[in-house]
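Please model the entire structure based on the sequences and the hints provided.
Those sequence lines, one after another, are chains P and Y.
Taking the numbering used here, the leading residue of the first sequence gets 1, the next gets one more, and so forth.
Taking the numbering used here, the leading residue of the second sequence gets 168, the next gets one more, and so forth.
Derived from the structure by calculation, the hints contain no laboratory data.
Watch out, some of these pointers could steer you wrong.
To be verified - Mimicking EDC-like on lysine to aspartate or glutamate, the simulated pairs with C-alpha atoms at most 20 Å apart in a straight line are:
1) K417(Y) / D484(Y)
2) K151(P) / E138(P)
3) K152(P) / E138(P)
4) K78(P) / E286(Y)
5) K417(Y) / D461(Y)
6) K195(Y) / E179(Y)
7) K78(P) / E106(P)
8) K417(Y) / E443(Y)
9) K151(P) / D464(Y)
10) K78(P) / D37(P)
11) K78(P) / D423(Y)
12) K151(P) / D196(Y)
13) K28(P) / D423(Y)
14) K78(P) / E57(P)
15) K151(P) / D199(Y)
16) K152(P) / D196(Y)
17) K151(P) / E178(Y)
18) K417(Y) / D463(Y)
19) K417(Y) / D289(Y)
20) K78(P) / E110(P)
21) K78(P) / D112(P)
22) K78(P) / E406(Y)
23) K417(Y) / E211(Y)
24) K152(P) / E179(Y)
25) K195(Y) / E211(Y)
26) K28(P) / D424(Y)
27) K152(P) / E191(Y)
28) K151(P) / D463(Y)
29) K78(P) / E100(P)
30) K78(P) / E99(P)
31) K78(P) / D116(P)
32) K152(P) / E178(Y)
33) K152(P) / D116(P)
To be verified - Covered by chain Y, per the in silico footprint, the following chain P stretches (three or more residues, Cβ under 8 Å):
34) 120–128
35) 132–144
Yeah, the Cβ is synthetic: ideal placement off N, Cα and C, and Gly gets one too.
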Amino acid sequence: MSAVASPQPVANLYHEHHGWLHGWLRRKLGCTHQAADLAQDTFIEALLAPGLGEIREPRAWLTTVAHGIMVNYLRRRKLELAYLDAIASHPEPLAPSPEERALIIEALCEIDTLLDGLPVKARQAFLLSQVEGLTYAEIAGRLGVSLSMVKKYMLRATLHLAGFVKP
Amino acid sequence: MSTAVEPALIEEAARWFVLLASGEATAKDWADCTGWRSADSRHEAAWQHIHRSMSRFSDIPREHAQASVVALTATGKDKRPGRRRFLAQLGIFCAIGVAVRQAWRQGDWSADQRTAIGEQRDITLADGSRVRLDTNTAIDIAFSASARLIRLRHGRIMVATAPAHSPAETRPPFLVETAEGRVEALGTQFVVQQESDSTQVTVLQARVAIHTSLAAGTPPILAAGEAARFGRQGIIAQEAARPGSSAWIKGILVADDMLLADFVAELARYRSTPLECAPAVRQLRISGTYPLIDTDDALAAIGRILPVRTQPLRPEDPARGTLVVAR
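This is the structure we're talking about:
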């Protein structure tokens, strides 16, 4: 398996399917500019994919890759909207600069990925503790659960983040 | 992971971390933890490992903390909320009771209508309503003056209730009963699926009301395009219906960034021999449209899209099942 595809198959792939992929993404996203960006990202991925020349059904392959990219993009946008929503209804006015906002969204995306797979309550308890800095007693009150439940959530989340595998 | 820290020590370090993060840790707690860390270099390594995995959380500026938590909580979701919680809440006697009840419900011998594995069938009820039975499904039909009741013993059905002949006509409520409760049609088309410990409902048209067997008060209403999973105590998860989730009615499986493990589990429902997914490929994602009528065809198609192939589950007996593995 070669590490990087030779430029020729990618050029062919691009030539033959770029217009189609752009159309596919545009129908999914309803925006031609975003679709163009994501189509570009898909071909970058293709350039890095091993064994590109052997792909037998390029459109199925491209849609699978493009879909992954789109899901990430939509997840990011969902987080961004949720965040903007949250600062809009924040008790004190918050107006982060565009740079600051981009950094925060970036951090939120990474945290979202790190916590992926945790039950909602464990996720929330951990965030309240580690991001908002609440005590366990405060978290218990906020979530309406017992103190020992908060400790369980915290341990669960900590082990999840540490990549703990049961021996 | 590059540095191999023993899992048992990771767990110990995590317990220390949770103790100290409470906001009410005493000076003695801190001193004890320091003592533990310095007792052995492997302890310290485990402690550092925990701290490294937390580093991203301190990147959020203080004044943005609250909004960040709100945003991240809003985007969190439970993957498989039902099973674990349900089992945790059950005492062993209750579990036995449920098992007996399930065994009775799943016994096909007395069901009014049933389909074999891989079969789908349409039936028309006395009032003109239509029911589509999916693979491996059994129902009882009990129409009376007080209710039009369908008991779903297992499997999945789509119901399209017949419209009333005139607006003035009053008809008994149309109900689908599962192990967890009843779904009441409010003039409508919907799908009900009995799962191992919960019921899944998807509304295609109009609305339904969900009466779970142990919940009191006003029953939650689900509108077209919404889906919910409920247990006996109430709704466990509610969300927009996954696009294509009802394509099985047309004999098609629509995958939209679906985990291969879920995809294979869905296909397996239509096969009379076991179909399993090897752990190494469970996390792969798949999109596209696949035939449920010919699952061999669907398996061949995923082999062309993802780096997977099929092999016999038991090499000594190829007829005993199929395993999806990495190519």
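Original post:
Are the Cα positions of K78(P) and D37(P) separated by 20 Å at most?
Top reply: Judged against 20 Å, a Cα distance of about 18 Å means the pair holds.
Original post:
Quick one, are K28(P) and D423(Y) close enough, alpha carbons at most 20 Å?
Top reply: holds, 12 Å
Subject >> Pairwise hint evaluation, D196(Y) against K152(P), where the allowed Cα distance is 20 Å at most >> reply: holds, 18 Å
Original post:
Between K78(P) and D116(P), is the straight-line Cα distance small enough, at 20 Å or below?
Top reply: Distance of about 15 Å is within 20 Å: holds.
**OP:** Quickly compare the C-alpha distance for K78(P) and E286(Y) to 20 Å and report which way the hint goes.
**Re:** violated, 40 Å
Subject >> Distance restraint between K78(P) and D112(P), which requires alpha-carbon spacing of 20 Å or less >> reply: With Cα atoms ~11 Å apart, K78(P) and D112(P) stay inside 20 Å; holds.
**OP:** Below or equal to 20 Å on CA atoms is what counts here, so check K417(Y) against D289(Y).
**Re:** Measuring from Cα to Cα gives roughly 12 Å; hence the hint holds.
**OP:** Starting from K28(P), check that the Cα of D424(Y) is at most 20 Å away, please.
**Re:** holds, 13 Å
Subject >> 8 Å C-beta test of the stretch 120–128 of chain P against chain Y, three or more residues >> reply: This one holds; 5 residues, not fewer than the three required, reach chain Y with a Cβ under 8 Å.
Original post:
If you draw a straight line from the CA of K417(Y) to the CA of E443(Y), is it 20 Å or shorter?
Top reply: violated, 24 Å
Subject >> Given hint D423(Y) paired with K78(P) - CA-CA distance at most 20 Å >> reply: holds, 18 Å
**OP:** Would you check the hint for K152(P) and D116(P), treating anything up to 20 Å between C-alpha atoms as holding?
**Re:** Distance of about 18 Å is within 20 Å: holds.
Of the numbered hints stated above, those contradicted by the structure are hints 1, 4, 8, 9, 14, 23 and 28, listed in ascending order.
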